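*Asks:* Listed here are the chains, written in short residue letters.
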Amino acid sequence: MKNKIIIASMVLAAISSCKKDDPKNPVKTNSQEVLTTVLLTGYNIDDSLNAKYQFSYKWEDLDGDGGNSPIIDTIALDSGIRYNCKVLILDKTKSPIDTVSVEIENEKNAHQFFYTPSSNLVGKFSTEILDFDDNNPKLPVGLEFNILTKSNQTYNLPLIGSLNIVLSHYDGVQKTTSKSDESDIDINFPVRLK
Amino acid sequence: MDANGISSLVFFTFFILINLKAFVALCLFTLVFASKSIAQQHNNYNISGFIMDSVTKKPLVNAKVVLLPLKNIVYTNDSGFFQFNNLAKTNYKMEVSYLGYHPIVLSLVLPLKTSLRIDLASEEHHLHDVIINTDKNNKLSDYNLQNHVTIDSKKLDILRGQTLGDMLKNTAGVTLLNSGPSISKPVIRGLHSNRIVTLNNGVKQEGQNWGADHGPEIDPFAINKLEVIKGASGLQYGPEAIGGVIKVSAKDFKTQNGIAGVYSLNGFSNNWQLANSLFLEGNHLKKQNLSWRLQTSYRKAGDSQTPEYVLSNTAFTESDLNAAVQYQLKQNTFEYMASYFQSSLGILRSAHVHNRTDLENTIARGKPSVINDFTYEIGRPRQDITHFIQAFKWIYSFKNANKLSVDFSQQINNRQEFDVLSFLNANSNLKDQPTYNLTLTTNQFNLKLEHKKVFGFKGLVGFSYANQGNYATGKQFFIPNFISNNYGFYVIEKWNKKHWQAEAGLRYDLMDLTRYINQNNQVLSNVLNFNNTAGTVGVSYLFNTKWKLTANLSSAWRPPSINELYANGLHAAVATFEQGNANLKPEQSYNAEVTLKYVGAKFDFDFTAYNNLINNFIYRLPSNTFNTSFRGVFPVFNYVQTNALLQGFETNLSYKIRTNLSINAAYTFLYANDISKNLPLIFMPANRINSGIEWQLTKLKKVKNTFVQINYQYVFKQNRVPEGIDFTAPPASYQLFDLVFGASQFTKTKMNWSVGVQNIFNTSYRDYLSRYRYYALDTGRNIFIKLNIPF
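Protein sequence lines, in the order shown, are assigned to chains X and D. Following the numbering used here, the numbering of the first sequence begins with 536 at its first residue and continues without gaps. Following the numbering used here, the numbering of the second sequence begins with 14 at its first residue and continues without gaps.
Worth flagging that the hints you see were computed from the coordinates, not collected in a lab. One should not assume that every hint holds.
Looking from chain D toward chain X, a few residues come up when the C-beta cut is under 10 Å (computed) [unchecked claim]:
hint, residue
1, Ser120
2, Phe490
3, Thr527
Each computed DSS-like pair below joins lysine-lysine, with the alpha-carbon atoms no more than 25 Å apart [what the hints assert, rightly or not]:
hint, chain 1, residue 1, chain 2, residue 2
4, X, Lys710, D, Lys70
5, D, Lys343, D, Lys299
6, D, Lys300, D, Lys267
7, D, Lys444, X, Lys710
8, X, Lys563, D, Lys488
9, D, Lys465, D, Lys510
10, D, Lys167, X, Lys627
11, D, Lys380, D, Lys71
12, D, Lys71, D, Lys102
13, D, Lys615, D, Lys717
14, D, Lys510, D, Lys444
15, D, Lys669, D, Lys84
16, X, Lys714, D, Lys380
17, X, Lys629, D, Lys763
18, D, Lys167, D, Lys511
19, D, Lys267, D, Lys343
20, X, Lys559, D, Lys488
21, D, Lys267, D, Lys299
22, D, Lys182, D, Lys669
23, D, Lys717, D, Lys238
24, D, Lys167, D, Lys238
25, X, Lys563, D, Lys444
26, X, Lys629, D, Lys444
27, X, Lys627, D, Lys488
28, X, Lys685, X, Lys621
29, X, Lys621, X, Lys673
30, D, Lys763, D, Lys70
Note that this is a predicted model, so its numbers are computed, not measured. Note that CB positions come from ideal geometry on N, CA and C, so glycine has one too.
Start from the sequences and build out the full structure, keeping to the hints where you can.
*Replies:* Here it is, written out as C-alpha cells:
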C-alpha cells in the first residue's frame, strides 16, 4: 500500500503542471518606452516684433523603432540672425501626451545635448547653450540654446546641410563637456539656410 | 517503509546552503577467490586472476597485464583469465589496462593466498560489448560510435569553475562563447546555441537557447559527469543536435543502505566569488530500494577584473536546489527529479550602447567607459533567470532482458532582462519592468523499448513528443509568443562481432510552430510545419588491444529557431536591428568523420578528422538598409542562408614519462567556409593548443594523492574572417598558463582539496569569441581554492 502511495505521489508531482500565461493571448510589448517627437521651437531674438519669425520644426516617429520611417522637417533659417531655441521631447503614444523632456530637466546633472552642424555648415551655423546644471562647476544642459547664422556675404544661398542632435547620458561616469558613450537620443535634421 | 529517508528529504529541502557531490571511485578491485597456488619452492610462485567489467561482471578479453619491474606482458584469454608463472617471492607491481577502461596499478607481495579478481571501470564506452542489463537505463542509447569525450567527477572537481563552460574549455574541439565572465556557452566545432542540445540528467534542457548571451541554466556543482558528443547527433536527441550534444549527469543513486553527504566550498579571487554546496544522499529499505539525493548550492560573485581594470557590473548570484528519488520494486524502477535554478547576472555596464556611433567610440577607446570600484552589487543592465525542471521516469525490465522506459518532464524557464535606466523610464512605473520577459514552458514525453541481443543485434525503438509554449511580455518586442509540437520516431540497432562493431539508426521528426502576435489588440497567428529525417551509420574496427579505427557518417537537421524566423527589434549590445525571416528553410547537416585511437602502456593518442557540410546554414548578415529611430541609425541585420562547410580535426596526445609524471597535448583546428560565396564563415573559434603536465607527488607525509598540474593554452589569431562585417578586426593570439596543486586526502578526514591559479601571469587578452571583446579585455589572474568534505 505504502509503495503505491509513493509511486502515485511521484506520478502526480510529475504531471501536475502549473498553468502559465497562455501564449495564445499575446500582449502588446512594443514601444512602451519611447519618445515619438522632438520639437525645436525658436524665434529671432533681435526682432523687435518678436513673433514674426517664430518657428517650430519637428522630428516625429509615431510608431517607434522599426515600422515606418520618421517624418522630419527641414529647419529653414535666415542667414545673419540670432535665434533663441528650445527643445521639447514628447511621447505621443501616451494619453495625455507625455512631455518627457521634463525628465531630462530633472536629471540635468547626468544629461547633455550636443548640437553638431554638418561640415559644410561649419562657420555659418553655430549653437550656444544657455542652460546649465547644478554640477560644480556648472556644465551645459542644452534644453535651451541659441542658433547663430552668419550673414551671407561669404557664401551662396540657399545652403543645405544638417544638424545632429545627441542627448548624452552620463550614467556611472562623470559628466564632462564631451559626449558619453551612451546616447539616449541621436537624430538628424536637414537644415536650409536662406 | 523507512520514514527517515522521506523526512530527511523534506527536512533538507529547507536548507539554503549547498554542496556538491561526492565523486565516484573509478576503479575498484577485490580479492575474492581462494587460491590453489601455494608456493612450494623458490621461483615457483605465480600470480593469476580474472579481469572483468566492474558493472556487468563480464570478462574482459585481451586486457593487457604488465608485471613490473620484470615488464612481462600477458593478455587475458576468453574468460578474462591471465597468469604469470615462475615468479620469485618478492614485491611486484602490476598494471592492468584495457582500451576504454580506466587502467589500474596494483602492488602485490608474493606469495598470494588467492587469485585476483580485478574489476576495471569503464570509461563509459565499451569497445567490445554493449551493456543492456544494468540499472543504468541509458547505456544503450548513450553508447554510439560518434566522437565522445567524458569528463569524470575527479577531473570535474579540478575543473569546476563558475559555469558549465569552464569545465569544458580544455576539451579538444570545444571552445567557449563568452558574454562577459558570468555567461559562457560551449561551442562544439564552431557550432553553438540552438545547434547544440544539452541533456540535463536525460532531460533536454530548454531555455531561450537561441541567445548567444543566454548561458545554460545548470548548477555547476550538480554536475558529476560531463560528456560531449561531437558532430551531428540528431538521432537520439532530436532535431537541433546538429553540432553536438552536451550531457550533464548527477551522481548515480546510492546503492548501499545509509545516508552520506559532501560539503563543498569553492573560492575564486578574481571576482571574490564564494560558492558552496551541500549534497546528501541516502538509500533505505532492504528488499526494494529507495534511494534519494538532495543538493543545494549557492554562489555569489562580485565584479570580475581584467589585468588593467574592473569589469563593472559583472557581479552575479546563483542559487540551486536539486532533489531526486528512486524507488525500485521488482522489475520496476521509478525516478522523480526536480530542480530549481535561480540566477541574477550583471551585464557589463559598458557593453550597453545605444547606437553605432556609441559602439564605434567605445571600440576606439579600447577600454570600457564605465569603470567603477569592485562591488558585489548587481546594477543594470542585468538578467534575472529562473529555471525549473521536474521529471518522472519509469523503467520496466522484462525477464527476457528487454526493457521499457517511459519518462515525462516539464520545464519552466523565465528570463527577465533589464535595460539601463534612461530619462524615458526614470520616473514612471516602467522603471522596474523588465525590457524583455520571456517564459518558456516545455513538456517532454519519451517512450523507449530496448531489445536484447538477437542474432548479434541489440537496439531500441523510441518515440518522443515535446510541446513548447513561449509567453513574452515586457517593454520591448524581440521574439513573439509561440506554441510548438515535435513528434519524433527513431530506431537504432547495433551489431558486433569479434573486432568489428557497427551501428545504424534513423529518426523521423514532425514539427509545427505557431506564432501569436498582438497587432492593435487583434491576435494574429500563423503556423509553420517542418518534417525531416536524420540518420547515422558507424563502424569501428579494433586492430588489437591498442589500435582502434572508427568511421561515422551522420546527418541531422534543425528547424530555424524563433529568433531567426521572427525576431524584430534592437539588439542593444551590438547596436544592430535584427529582423527575422519567416521563409527560412531548415538547416541540414551531413557529417563524416574518422577517429584513430591508440592506447598503450605509456603513450595514448587519438586523432579525429571531420567534414561537416551544412546546407541552408543560417546566419546574420547586415543588409543595405538602415533603421532610423530616435536612438540613432541602425544597420538592419537579416537572417540569410548559405551552404557552409566546416572541416577540422582534433588530436590528443598523452605520454607517461614516469609512473608519476605525465604530459598531454591537444590541438583543435577548424576551417569553416561559406561555400556558396567562397568566403570564411564569421565568428568561428580560433585554432588552439592545450597542453599540460601532471606530477603525482607520492611521498608527502600527511596528505595522499597529491598532484601538481601546469596547463598551457595557446590560442591563435583568427585570420579567417569575411571582410567588412564585424565591427573590428579579430584580436591577437594569446597564451595562458594555469597551475593547480591538489590533494585528495588528509590522513584522518577524507577531505580533498585543490588550490590553483588561472592566468598566472595576469595576461591581457581578448578572445575572438568573447562577445565583449569590443568593449573590454578578458579576465585576469584568478586564484582558486576548492574543498570537498565528505561525511
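*Asks:* For every hint, state whether the structure bears it out.
*Replies:* Hints and how they fare:
1. The criterion of a C-beta within 10 Å of any C-beta in chain X is not met by Ser120 of chain D, whose closest approach is roughly 46 Å, and the hint is violated.
2. A least Cβ separation of about 4 Å between Phe490 of chain D and chain X falls short of the 10 Å threshold, and the interface hint therefore holds.
3. With its C-beta approaching chain X no nearer than about 8 Å, Thr527 of chain D sits inside the 10 Å limit, and its interface hint holds.
4. Under the criterion of a C-alpha separation no larger than 25 Å, the hint pairing Lys710 of chain X with Lys70 of chain D is inconsistent with the structure, at around 73 Å.
5. As the CA atoms of Lys343 of chain D and Lys299 of chain D are separated by approximately 12 Å, the hinted pair is consistent with the 25 Å bound.
6. Annotation: proposed proximity of Lys300 of chain D to Lys267 of chain D holds, straight-line Cα distance about 15 Å (limit 25 Å).
7. In summary, the hint linking Lys444 of chain D to Lys710 of chain X is supported, as the alpha carbons are separated by about 22 Å, within the 25 Å threshold.
8. For the hint linking Lys563 of chain X to Lys488 of chain D, the alpha-carbon distance of about 9 Å falls within 25 Å, and the restraint holds.
9. Between the alpha carbons of Lys465 of chain D and Lys510 of chain D the distance comes to roughly 15 Å, so the proposed pair stays at or under 25 Å and holds.
10. Restraint check for Lys167 of chain D and Lys627 of chain X: the C-alpha separation of about 62 Å exceeds 25 Å, so the hint is violated.
11. A distance of roughly 61 Å separates the Cα atoms of Lys380 of chain D and Lys71 of chain D; the hinted pair therefore is violated under the 25 Å criterion.
12. Simply put, Lys71 of chain D and Lys102 of chain D have alpha-carbon atoms about 31 Å apart, too far for the 25 Å limit, and the pair is violated.
13. A C-alpha spacing of about 23 Å is found between Lys615 of chain D and Lys717 of chain D, which places the hinted pair at or below 25 Å, so the restraint holds.
14. At roughly 67 Å between alpha-carbon atoms, Lys510 of chain D and Lys444 of chain D are farther apart than 25 Å, so this suggested pair is violated.
15. The suggested pairing of Lys669 of chain D with Lys84 of chain D holds, with an alpha-carbon distance near 16 Å, which does not exceed 25 Å.
16. Distance hint between Lys714 of chain X and Lys380 of chain D is fulfilled; the C-alpha atoms sit about 16 Å from each other, no more than 25 Å.
17. Of the supplied pair hints, the one linking Lys629 of chain X and Lys763 of chain D is violated, its CA atoms being roughly 66 Å apart against a limit of 25 Å.
18. For the hint pairing Lys167 of chain D with Lys511 of chain D, the CA-to-CA distance comes to about 33 Å; that exceeds 25 Å, so the pair is violated.
19. The straight-line distance between the Cα atoms of Lys267 of chain D and Lys343 of chain D is roughly 18 Å, inside the 25 Å bound, and the hint therefore holds.
20. Between Lys559 of chain X and Lys488 of chain D the alpha-carbon distance is near 19 Å, which keeps this suggested pair within the 25 Å criterion.
21. Distance restraint check for Lys267 of chain D and Lys299 of chain D: the Cα-Cα separation of roughly 13 Å lies within the 25 Å cut-off, and the hinted pair is therefore satisfied.
22. Pair hint Lys182 of chain D plus Lys669 of chain D holds up; C-alpha atoms about 23 Å apart against a cutoff of 25 Å.
23. At most 25 Å may separate the alpha-carbon atoms for a hinted pair to count; Lys717 of chain D and Lys238 of chain D meet this at roughly 24 Å.
24. Simply put, Lys167 of chain D and Lys238 of chain D have alpha-carbon atoms about 9 Å apart, close enough for the 25 Å limit, and the pair holds.
25. Simply put, Lys563 of chain X and Lys444 of chain D have alpha-carbon atoms about 18 Å apart, close enough for the 25 Å limit, and the pair holds.
26. Distance check on the hinted pair: Lys629 of chain X and Lys444 of chain D sit about 16 Å apart at the alpha-carbon level, within 25 Å; holds.
27. Using a Cα cut-off of 25 Å, the hinted pair Lys627 of chain X and Lys488 of chain D holds, with the two alpha carbons roughly 16 Å apart.
28. Between Lys685 of chain X and Lys621 of chain X, the direct Cα distance comes to roughly 20 Å. Compliance with the 25 Å bound is thereby established for this hinted pair.
29. A threshold of 25 Å between alpha carbons decides the hint, and for Lys621 of chain X with Lys673 of chain X the separation of about 19 Å falls inside it, so the pair holds.
30. In summary, the hint linking Lys763 of chain D to Lys70 of chain D is not supported, as the alpha carbons are separated by about 28 Å, beyond the 25 Å threshold.
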